[in-house]
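Peer 1: Okay, here's what each chain looks like letter by letter:
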Amino acid sequence: MNHYLYLELLLVWVLVLALQWLIGWKKLWQQRQRWPWVVLGVSIYFSLADALALGQHIWFFHPAFLIGWSVGNVPVEELLFFVLTTAMVVQGFVLIFPSEREARDWQPVQDKEKADKDHVQERQGASSRGGPFGRVPISWAKSAEERRAR
Amino acid sequence: MTYACFLVLFLLLPLALVSLLLRRRLLNWRYWLTTAQLLLVVLPAMALWDHAAVVMGVWGWTPRQIWGLRLWLIPLEEYLFALLETVILTMLMYAILLWKSEGAGAFGRKRT
Numbered sequence: 001m002n003h004y005l006y007l008e009l010l011l012v013w014v015l016v017l018a019l020q021w022l023i024g025w026k027k028l029w030q031q032r033q034r035w036p037w038v039v040l041g042v043s044i045y046f047s048l049a050d051a052l053a054l055g056q057h058i059w060f061f062h063p064a065f066l067i068g069w070s071v072g073n074v075p076v077e078e079l080l081f082f083v084l085t086t087a088m089v090v091q092g093f094v095l096i097f098p099s100e101r102e103a104r105d106w107q108p109v110q111d112k113e114k115a116d117k118d119h120v121q122e123r124q125g126a127s128s129r130g131g132p133f134g135r136v137p138i139s140w141a142k143s144a145e146e147r148r149a150r
Numbered sequence: 001m002t003y004a005c006f007l008v009l010f011l012l013l014p015l016a017l018v019s020l021l022l023r024r025r026l027l028n029w030r031y032w033l034t035t036a037q038l039l040l041v042v043l044p045a046m047a048l049w050d051h052a053a054v055v056m057g058v059w060g061w062t063p064r065q066i067w068g069l070r071l072w073l074i075p076l077e078e079y080l081f082a083l084l085e086t087v088i089l090t091m092l093m094y095a096i097l098l099w100k101s102e103g104a105g106a107f108g109r110k111r112t
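As given, the protein sequences belong to chains A and B, one line each in that order. Okay, so the first sequence: first residue is 1 according to this note's numbering, each after it adds one. Okay, so the second sequence: first residue is 1 according to this note's numbering, each after it adds one.
Source of the hints: derived by calculation from the structure; they are not laboratory data. Please read these numbers as outputs of a predicted model, since none were measured by experiment. Each residue gets a CB set at the ideal place from its N, CA and C atoms; glycine is no exception. Certain hints may be false.
To be verified - Computed from the model, here is a short list of chain A residues facing chain B with C-beta under 8 Å:
#	residue
1	S43
2	V89
3	G92
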């Protein structure tokens, strides 16, 4: 029996993560202060939920395919699974969610002039505190006027 | 406890909470387009991988605790798990994004 089978299956997701970094390492590195916390928090949450599901025997593992280390009743492979899959989704979101500039280009023509104006004001105004995700699409960023008023 | 009950408690409930926090801000097609694109990848990938693991016997489900409907060897609940997990994650990311761009103090307030 192969005790490394589950671990080997997880390699698929490691490859996907590597691919995401290969394609978008710049964006992912820029935004490193945000998404890792979501990955950490959500994987801890799901690991706890998993402990309960395993306790209730909703799903179960064949011990022959596990290395045998576990935290409580949750196999380490399962912990890794949650970290890898949440990272995959979150990084995917970071990579494909449009940045401000992209979103601006999608706006209808009549809005574009205003959007460009707002954009310039934002850059002159409070945009520097925005950090990695600071450059959000105009449509949901607070307007420059509102920001100045605060 | 059934798998469906688990889904309601640990996925649907938190999802409802985050939705309540975001409310009107969720009416953003760019957010939903991004989420849909991710789901198009996540669901088939999960299904293939999960199916392979079940065939090899790595894990399984207690028949009494699932609905019994399966696509391939995977219970319907498992697809819902992947779907809800993905939406929870994108919603949290979206919330962080808004939170940072609106400022921490403004997040709870309705926008005028």
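Peer 1: Have a go at the G92(A) hint: is there a Cβ in chain B nearer than 8 Å to its own Cβ?
Peer 2: 5 Å, holds
Peer 1: Double-check V89(A) for me: the hint is only fine if its C-beta lies closer than 8 Å to a C-beta in chain B.
Peer 2: Since the shortest Cβ distance to chain B is 5 Å, the answer is holds.
Peer 1: Please verify that hint: S43(A), Cβ, nearest Cβ of chain B, below 8 Å or not.
Peer 2: Violated - the Cβ of S43(A) stays beyond 8 Å from chain B, reaching only about 10 Å at its closest.
In this structure, only the earlier hint numbered 1 is contradicted, and the remaining ones agree with it.
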